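S.K.: Spelled out, the chains give:
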Amino acid sequence: HMTQSPSSLSASVGDRVTITCRASQSISTSLNWYQQKPGTAPKVLIYGASTLQSGVPSRFSGSGSGTDFTLTINSLQPEDFATYLCQQSYSVPPTFGQGTQVEIK
Amino acid sequence: EVQLLESGGGLVQPGGSLRLSCAASGFTFSSYAMSWVRQAPGKGLEWVSSVSASGDYKDYTDSVRGRFMISRDTSKNTLYLQMNSLRADDTALYYCAKAFSGDYVSDAFDIWGQGTMVTVSP
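Sequence order for the protein chains is A and B.
Count along the first sequence from 1, then add 377; that gives the number in this note's numbering.
Count along the second sequence from 1, then add 3; that gives the number in this note's numbering.
One should not assume that every hint holds.
[Claimed, not checked] Simulated restraints, written as ranges between beta carbons of each label pair:
| hint | chain 1 | residue 1 | chain 2 | residue 2 | range |
| --- | --- | --- | --- | --- | --- |
| 1 | B | Q117 | A | S387 | 38 to 44 Å |
| 2 | A | T444 | B | S78 | 28 to 34 Å |
| 3 | B | G45 | A | T380 | 15 to 21 Å |
| 4 | B | T122 | A | I481 | 29 to 35 Å |
| 5 | A | G391 | B | A26 | 37 to 43 Å |
| 6 | B | Q117 | A | S440 | 27 to 33 Å |
| 7 | B | D76 | A | Q475 | 41 to 47 Å |
| 8 | A | Y467 | B | V5 | 23 to 29 Å |
| 9 | A | S440 | B | G19 | 26 to 32 Å |
| 10 | A | S442 | B | T122 | 37 to 43 Å |
Just so you know, these hints were derived from the structure itself, not from any lab.
Note that the structure is a prediction, hence the values are computed from the model and not measured.
Ideal placement from N, C-alpha and C gives every residue a C-beta, glycine not left out.
Generate coordinates for the entire structure from the input sequences, incorporating the hints supplied.
M.R.: Next comes the structure, spelled out in structure tokens:
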């Protein structure tokens, strides 16, 4: 079971944003982060807890291992307002967090 | 271009059946595990089912086990989801998704289709 916090947040362009994801048991570094915008499919941002997917801006970063993980967005840009989800790929079934909606302040 | 294109969704009555298809292109389909992930209106993502690259290993979320069947046809580069005994709580946008690393059924999903909507209603 994956628990994300907060469920939503308001931020301004240029802010630094941090989203956390907690696993109910250790998942090593098998944690992935996605961005989803309304009406579109999720897009993988980070895999293996901290590896940036090709083409993803470097303002996105991930950290953590075991049960506690963090997604950080440095200098939030207008195109970053979206929902962010974590997903564990340590075991079947692969499970997702409930999502964190990042809104414009 | 790597692409997944779903089809087959629609409106169906409770107890009915649908078969979803997902046409893959731009990558070696036979080398990757594939999955179906659904999203009910206004809700989060829920993994539904995965199949290994060879098709030999299949798994399902508990709520669909015994009602849904995943399969793949390598000759057609197509993934399928046969959905039987549909219920109202199966209403969702169904995405097919490609495993990131290869033949791992629990993996990051690096390529997603646009989704096909399934609505179960009288």
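S.K.: Please go over all the hints and tell whether each is borne out by the structure.
M.R.: Hint-by-hint comparison with the structure:
1. Distance hint for Q117(B) and S387(A): a CB-CB separation of about 29 Å, inconsistent with the stated range 38 to 44 Å.
2. In this structure the supplied range 28 to 34 Å is violated for T444(A) paired with S78(B), their Cβ-Cβ distance being about 43 Å.
3. With their beta carbons about 19 Å apart, G45(B) and T380(A) fall inside the hinted range of 15 to 21 Å.
4. Distance hint check: the CB atoms of T122(B) and I481(A) are about 32 Å apart, consistent with the given range 29 to 35 Å.
5. About 42 Å separates the C-beta atoms of G391(A) and A26(B), a value consistent with the hinted range of 37 to 43 Å.
6. With their beta carbons about 32 Å apart, Q117(B) and S440(A) fall inside the hinted range of 27 to 33 Å.
7. Take D76(B) and Q475(A): their Cβ atoms lie about 34 Å apart, and the range 41 to 47 Å is violated.
8. Range check, Y467(A) to V5(B): about 25 Å between beta-carbon atoms, so the 23 to 29 Å window is met.
9. For the pair S440(A) and G19(B), the supplied restraint of 26 to 32 Å is violated, since their beta-carbon distance comes to about 46 Å.
10. The given range of 37 to 43 Å is respected by S442(A) and T122(B), whose C-beta atoms sit roughly 41 Å from each other.
In summary, the structure is inconsistent with hints 1, 2, 7, 9 from the numbered list given earlier, while agreeing with the others.
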